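Throw the hints in and build the complete structure from the sequences for me.
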Amino acid sequence: MTAVVDTDLRERAAETFAKLGWPTTRIEEWRTTNLAPLQKINWRVDENPRAIEHPATLGGRAAVELVFVNGRLVSGENPFGGDVDAQIADWERNAMVALNTANMQDGARIEIPAGTVVDGFIHLLFIGHGDGIWSHPRNVIVVGANAQVAIVETYAGTGSYFTNAVTEIIAGESAVVDHTRFERESMSAFHVGNVFIHQARGANVTSRSVAIGAALARSETSVVLAGEGASVTLEGLFVGSGTQHLDNHTTIDHVQPHCESHELYKGVLDQNARGVFDGRIIVRPGAQKTVSRQENRNLLLSETAIVDSKPTLEIHNDDVKCNHGSTIGQIDAEQLFYLRSRGIGEDESRNLLVHAFASEIVDRMKIEPVREQIRRALFEAMPDRLPERRGTSR
Amino acid sequence: MLEIKNLHAGIDGKEILRGLDLTIRPGEVHAIMGPNGSGKSTLANVLAGRPKYEVLEGSITFEGKNLLEMPTEDRAREGVFLAMQYPVEIPGVNNIYFLKAALNALRKHRGEEELDAIEFLQLAREKMKVVELDESFMNRGVNEGFSGGEKKRNEIFQMAVLDPKLAILDETDSGLDIDALRIVAEGVNMLRTERHSVLVITHYQRLLRYLVPDFVHVLANGRIVKSGGKELAEELEQKGYDWVETEAVA
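Heads up: the sequence lines are chains A and B, in that order.
Be aware that the first sequence starts at 10, since it is given in the working numbering, and climbs by one per residue.
Be aware that the second sequence starts at 6, since it is given in the working numbering, and climbs by one per residue.
These are computed hints drawn from the structure, not numbers from a lab.
In this text, all values refer to a predicted model and were calculated from it rather than measured experimentally.
Possibly wrong hints are sitting among the right ones.
Claimed, not checked - Over the 10 Å line for every Cβ pair with chain A, so calculated as not near, a few chain B residues:
id : residue
1  : Asp26
2  : Glu78
3  : Arg80
4  : His114
5  : Phe125
6  : Val135
7  : Asn144
8  : Gln163
9  : Gly180
10 : Gln243
Claimed, not checked - According to the in silico footprint, chain B covers these stretches of chain A (three or more CB under 8 Å from chain B):
id : segment
11 : 22-36
12 : 335-346
A virtual CB, placed ideally from N, CA and C, is assigned to each residue, including glycine.
Printed below as a string of structure tokens:
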């Protein structure tokens, strides 16, 4: 399933990227994330990727699993393959999307016909492998009117590679889409992921982002509520330690009336990790009766961990119900004392409280194998963090 | 079992306990009564090792070991249990998972084999009946959305499962209706054997009707000013605390 790509589009995107250049911290949206280390590397494409076994596979448990290595499809049959093309990703203004568009590789092209309800879930597994390799997967998911589908993207791998992925989701009238993005890249990898979601009247989309891997990861989700009564839920969890940098940007654009957006992002930062949440909500003049809630909550586990939280509301009409908030806190001393007073050791008590914080997001996932995989990955990551943390906290 | 000598302790640089002495032997039930601000809760918190409470002078030994040198979790593992006055809610930490982790931490410390899920559930169900807690509570977050009375009963439930050598009840009776009070007392009475001791900290005498103490002590201004048998509690109920305080000063 090699992507059908318009060569003219590639060329125009390449020109755009040449013009825009790599984002720098002088650009407001990139103020807290520095891509300079990526620019120094002479990235190359893996011309001959081979199938690799990876524990992130959900093989038989997914209705469909497509496995990509370094941006090329290596296994899986796609019964929903359609001749759908890139449509909504903003390559003209977003340099990383332009870079992806110019170098676009394989990715899932999925078309769910109107009225079709897909049982189970579709798993797209992207494996990065090797040093100095970059990949530019492009997923286009078109969901017809009244159709329903659950899609899970997992990003994993070994080595210091760079994944620059773009996913476009076009949800038709009253379509129901459940989308999960699980970024568990190698700790020396770089990851930039852009998700564009366009919702028609009455469409209901949930998109969640879980980021625990990569030396540097940037996740951007842009939603346009383009039809009346559309509803979107964005959920996010980012858990970083060491010197990880995990950046999350979201934009929800309320264009039409009677739309709803619900957003909750939670961050857990340990050691010298840095997290970013930048959430923008725009309510256009015509979007009366908008309901929008946005919340970002962060837990800092060391004195050197940093989080930048920036929720922004831009409201251009007065018939709306919007609220947003952001909190940054430490482990609750009372809760810690309570657990310890029952005989549970300090490290285990801290772990329990961190998982309790994260579980609010994890528990909401309806797809059991994915939920359990995420839970396991969180548990596996946690004990390693503790011995080192001790030196830096308290 | 527990020996407190000349204990001076406080919080935020303020001395609250000023030379408290108390000895509890195995099998005994002691009640500490006193007006607000007399240092009752400070004593409970110092025994459990709550952070921020400072011991300025004196010693506490538990079964011959220096309790003050132990971190909070080790005190619990040695057999000290504090039923808290205000149990905290911990959403996201499953009640039953938490209690199993606690019991197994205690068992591991004692060199006993850990209980598996089935064995643990069997034990938990049995103890749950005593405190009349519905099983549905077990799968919720620790104390999450529990009423005041349910939180207190959950404390007693945890105590029954963990089977401590010394149970400290910090105003467990406050805010309880008569039925809940009776349930709490029954839970504690089940623990009364020759190897268990109980320290009941309370403002009122009413819990002591169901949970009859061997000794009653009156705490005022950070010291025990009067000790006696169960009849002292009744006397306090009738006369209030003023007479003891006056007597102590005189």
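- Does the claim that Phe125/B lies off the interface hold, with its Cβ farther than 10 Å from every Cβ of chain A? holds, 14 Å
- Item | Non-interface claim for Gly180/B versus chain A (Cβ beyond 10 Å) | Since the minimum Cβ distance to chain A is about 18 Å, Gly180/B lies beyond 10 Å and the statement holds.
- Query: Taking the closest pair, is the beta carbon of Gln243/B still more than 10 Å from chain A?
  - Reply: holds, 36 Å
- Item | 10 Å cut-off, C-beta based - Glu78/B kept clear of every residue in chain A | violated, 5 Å
- In terms of Cβ atoms, is chain A entirely out of 10 Å range of Gln163/B? violated, 7 Å
- Message: According to the definition I'm using, a residue is off the interface if its beta carbon is farther than 10 Å from all beta carbons of the partner; does His114/B meet that for chain A?
- Response: violated, 7 Å
- Item | Given as non-interface: Asp26/B, which should sit over 10 Å from chain A by C-beta | holds, 24 Å
- Task: Report holds if the minimum CB distance from Asn144/B to chain A is greater than 10 Å, and violated otherwise.
- Result: holds, 12 Å
- Within the assertion that chain B covers the segment 335-346 of chain A, do at least three residues meet a Cβ-to-Cβ distance smaller than 8 Å? holds (count 5)
- Message: Using a Cβ cutoff of 8 Å, are there at least 3 residues of the segment 22-36 of chain A near chain B, or does the coverage claim fail?
- Response: violated (count 0)
- Compute the least Cβ-Cβ separation between Val135/B and chain A, then decide whether it is above 10 Å. holds, 18 Å
- Should the label of Arg80/B as a non-interface residue stand, given a Cβ cut-off of 10 Å to chain A? violated, 8 Å
Hint violations for this structure: numbers 2, 3, 4, 8, 11, all remaining hints satisfied.
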